[in-house]
Amino acid sequence: MATTARPETFYDVMRRQGVTRRSFLKFCGLTASALALGPEFIGTIAHAMETKPRTPVLWLHGLECTCCSESFIRSAHPLAKDVVLSMLSLDYDDTLMAAAGFQAEAMLEDTMQKYKGRYILAVEGNPPLNEDGMFCIVGGKPFVERLRYAAKDAAAIIAWGSCASNGCVQAARPNPTQATPIHKVITDKPIIKVPGCPPIAEVMTGVVTYMLAFDKIPELDAQGRPKMFYGQRIHDKCYRRPHFDAGQFVEHWDDEAARKGYCLYKVGCKGPTTYNACSTVRWNNGVSFPIQSGHGCIGCSEENFWDKGSFYDRVTELNVFGVEANADKVGLAAAGAVGVGIAAHAAVSIAKKKDHEKETQE
Amino acid sequence: MASIETLSQPIYVYEKPVRLWHWINALAIVALAVTGFLIAWPPVVTSGEASDHYLMGYIRFVHFSSGYVLAVGLVGRAYWALVGNRYARELFAPRVHDAYWWQALLHEVRWYLFLVEEPRKHAGHNPLAGLAMFLFYVLGSVFMIVTGFALYGEGLGSGSWAANAFGWVLPALGGSQQVHSLHHLGMWYLVVFTLIHVYVAVREQHLSRQSVTTTMIDGWRVWKDDRP
Numbered sequence: 009m010a011t012t013a014r015p016e017t018f019y020d021v022m023r024r025q026g027v028t029r030r031s032f033l034k035f036c037g038l039t040a041s042a043l044a045l046g047p048e049f050i051g052t053i054a055h056a057m058e059t060k061p062r063t064p065v066l067w068l069h070g071l072e073c074t075c076c077s078e079s080f081i082r083s084a085h086p087l088a089k090d091v092v093l094s095m096l097s098l099d100y101d102d103t104l105m106a107a108a109g110f111q112a113e114a115m116l117e118d119t120m121q122k123y124k125g126r127y128i129l130a131v132e133g134n135p136p137l138n139e140d141g142m143f144c145i146v147g148g149k150p151f152v153e154r155l156r157y158a159a160k161d162a163a164a165i166i167a168w169g170s171c172a173s174n175g176c177v178q179a180a181r182p183n184p185t186q187a188t189p190i191h192k193v194i195t196d197k198p199i200i201k202v203p204g205c206p207p208i209a210e211v212m213t214g215v216v217t218y219m220l221a222f223d224k225i226p227e228l229d230a231q232g233r234p235k236m237f238y239g240q241r242i243h244d245k246c247y248r249r250p251h252f253d254a255g256q257f258v259e260h261w262d263d264e265a266a267r268k269g270y271c272l273y274k275v276g277c278k279g280p281t282t283y284n285a286c287s288t289v290r291w292n293n294g295v296s297f298p299i300q301s302g303h304g305c306i307g308c309s310e311e312n313f314w315d316k317g318s319f320y321d322r323v324t325e326l327n328v329f330g331v332e333a334n335a336d337k338v339g340l341a342a343a344g345a346v347g348v349g350i351a352a353h354a355a356v357s358i359a360k361k362k363d364h365e366k367e368t369q370e
Numbered sequence: 007m008a009s010i011e012t013l014s015q016p017i018y019v020y021e022k023p024v025r026l027w028h029w030i031n032a033l034a035i036v037a038l039a040v041t042g043f044l045i046a047w048p049p050v051v052t053s054g055e056a057s058d059h060y061l062m063g064y065i066r067f068v069h070f071s072s073g074y075v076l077a078v079g080l081v082g083r084a085y086w087a088l089v090g091n092r093y094a095r096e097l098f099a100p101r102v103h104d105a106y107w108w109q110a111l112l113h114e115v116r117w118y119l120f121l122v123e124e125p126r127k128h129a130g131h132n133p134l135a136g137l138a139m140f141l142f143y144v145l146g147s148v149f150m151i152v153t154g155f156a157l158y159g160e161g162l163g164s165g166s167w168a169a170n171a172f173g174w175v176l177p178a179l180g181g182s183q184q185v186h187s188l189h190h191l192g193m194w195y196l197v198v199f200t201l202i203h204v205y206v207a208v209r210e211q212h213l214s215r216q217s218v219t220t221t222m223i224d225g226w227r228v229w230k231d232d233r234p
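So the protein sequences, as listed, match chains D and Z.
If you count the first sequence from 1, you need to add 8 to reach my numbering.
If you count the second sequence from 1, you need to add 6 to reach my numbering.
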């Protein structure tokens with residue numbers, strides 16, 4: 009057995025998984041272009057993969073629906089997917105790995121010890137904190153304890169999807185389990201938020217590959233999302249944008265405008281308020297995305313999107329008042345009340361003045 | 007400041023830049039409210055190709071350029087508060103530390119509740135008007151400028167001046183959609199202010215002891231009687 013003293017590299021893993029040298033270089037080229045890097049970075053990526061000890065990824069599942077994993081394994085970037093998946097299955101992902109039960113838990117322990125302070129912790133879902141975390145039990149323990157334990161020696165944490173990033177639907181009002189996003193539980197580690205319900209597969213593999221290849225966190229925006237994928241709104245790159253600028257809008261789902269593929273702004277599309285890469289990367293091997301399929305964006309990668317009124321209203325209901333009303337209903341009511349008040353006040357003022365004039369005449 | 011205005015001579019209150027600002031600002035607010043409402047409830051073009059029209063584009067252009075007028079105007083007005091006459095400062099600094107100001111405020115409230123026969127004379131804003139100007143107009147328009155530029159920065163893109171200077175507002179107030187709603191609500195705040203402002207200005211012109219609306223046209227405060 010030709011074992012060497014040097015630590016295992018990504019390249020070693022790939023070759024062992026049956027990836028040819030040619031496929032490996034293709035992977036480097038595809039990764040560079042997926043991350044919008046120039047051709048000169050292909051060599052950089054290849055060199056890093058050949059020489060750097062591989063960074064293991066541990067993937068935990070909390071309170072979630074596994075849509076992130078479902079999305080991830082459908083990545084249209086097959087090499088990236090195979091490589092990343094094969095590396096993931098080497099470490100720990102209780103949904104994808106072959107091992108189960110005690111054997112799986114032993115692998116988690118093993119990786120945590122062996123790569124202390126160097127592994128990446130990917131978290132899908134979030135921990136519910138109510139009742140001491142009893143609403144989500146993994147391996148016989150509340151998930152929140154497991155999360156804290158695994159996060160302790162992690163180099164960085166990826167918060168997969170809206171659950172981990174924002175809390176998602178289980179954190180919607182009134183949030184009975186007190187489902188809490190990762191960054192509010194783990195405060196001492198760098199956290200990369202990859203929101204979306206689920207996030208786009210290529211965005212997920214892109215983020216993991218970037219971190220594995222460059223051994224650093226991608227550039228994040230103020231909310232902790234990778235700028236390369238969350239730097240723009242759906243609206244900014246939407247192919248229906250010319251209809252928005254022209255004033256051509258769908259008003260009913262069965263009208264002529266809907267058949268012509270006009271802008272869905274008036275039927276509540278959240279593209280103008282949602283930061284994600286759907287309109288550029290698209291879904292299912294770049295086949296389509298919600299707006300292209302004729303339905304407005306629901307804003308699933310935005311914080312608290314489920315608590316922000318209907319998916320089908322442009323001017324959405326406000327929850328801040330504890331009553332269901334949008335800005336126009338509130339505003340019109342206020343302006344109406346003030347208008348009536350002014351009319352009444354003006355009437356009294358005029359009557360008073362007439363009285364006064366009468367008195368002075370007498 | 008004199009405790010009670012006893013002058014019977016007209017006083018030059020609103021200097022030219024203040025009056026010019028007032029009327030330009032009024033036009034900008036009307037343009038902003040109309041186009042802002044149309045951005046929320048856009049009119050629909052049904053004919054032709056997208057390339058034949060640019061209706062929403064024009065509406066947004068008017069909104070954004072009027073927004074710049076409002077913002078630059080407020081900065082200019084703040085500058086004039088520093089270099090203009092003492093009445094130019096009242097808008098930004100209600101005299102809440104002044105006991106007489108509070109007493110006069112109460113008198114003005116009673117005047118509006120028909121509890122006193124006549125209002126007092128005030129060369130500048132009466133305390134109630136000054137307080138309303140500050141709470142509604144100054145705070146309201148600052149809120150609209152800050153949230154407006156935060157939303158404008160979304161269109162300009164990350165790295166633009168507006169996104170750099172005001173981008174923090176979006177997550178702080180609960181995200182882009184929430185800021186849209188609050189900005190829309192802010193419009194109604196200013197509409198309510200405008201309704202009251204126009205009513206009381208006209209009312210005071212006719213029922214108080216001094217000129218009000220004409221003062222914002224020619225700058226002079228004229229007294230209707232020479233009692234204190």
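Hints listed in this document are in silico derivations from the structure and should not be mistaken for laboratory results.
Treat the hints loosely; a few may be bogus.
So these bits of chain D aren't anywhere near chain Z, every CB distance computed over 12 Å [what the hints assert, rightly or not]:
1. 37
2. 41
3. 49
4. 110
5. 146
6. 241
7. 259
8. 263
9. 268
10. 273
11. 312
12. 323
13. 340
14. 345
Each computed DMTMM-like pair below joins lysine to aspartate or glutamate, with the alpha-carbon atoms no more than 25 Å apart [as the list claims (entries may be wrong)]:
15. D/360 x Z/21
16. D/361 x Z/232
17. D/366 x Z/124
Just so you have them, the derived chain D footprint on chain Z, three or more residues with Cβ under 8 Å [claimed, not checked]:
18. 43-50
19. 177-184
Beta carbons are placed, not taken as given, at the ideal position from N, Cα and C, and that holds for glycine.
**Message:** Tell me the hint numbers this structure goes against, listed in increasing order.
**Reply:** Numbers 6, 7, 8, 9, 10, 11, 12, 13, 14, 15, in rising order.
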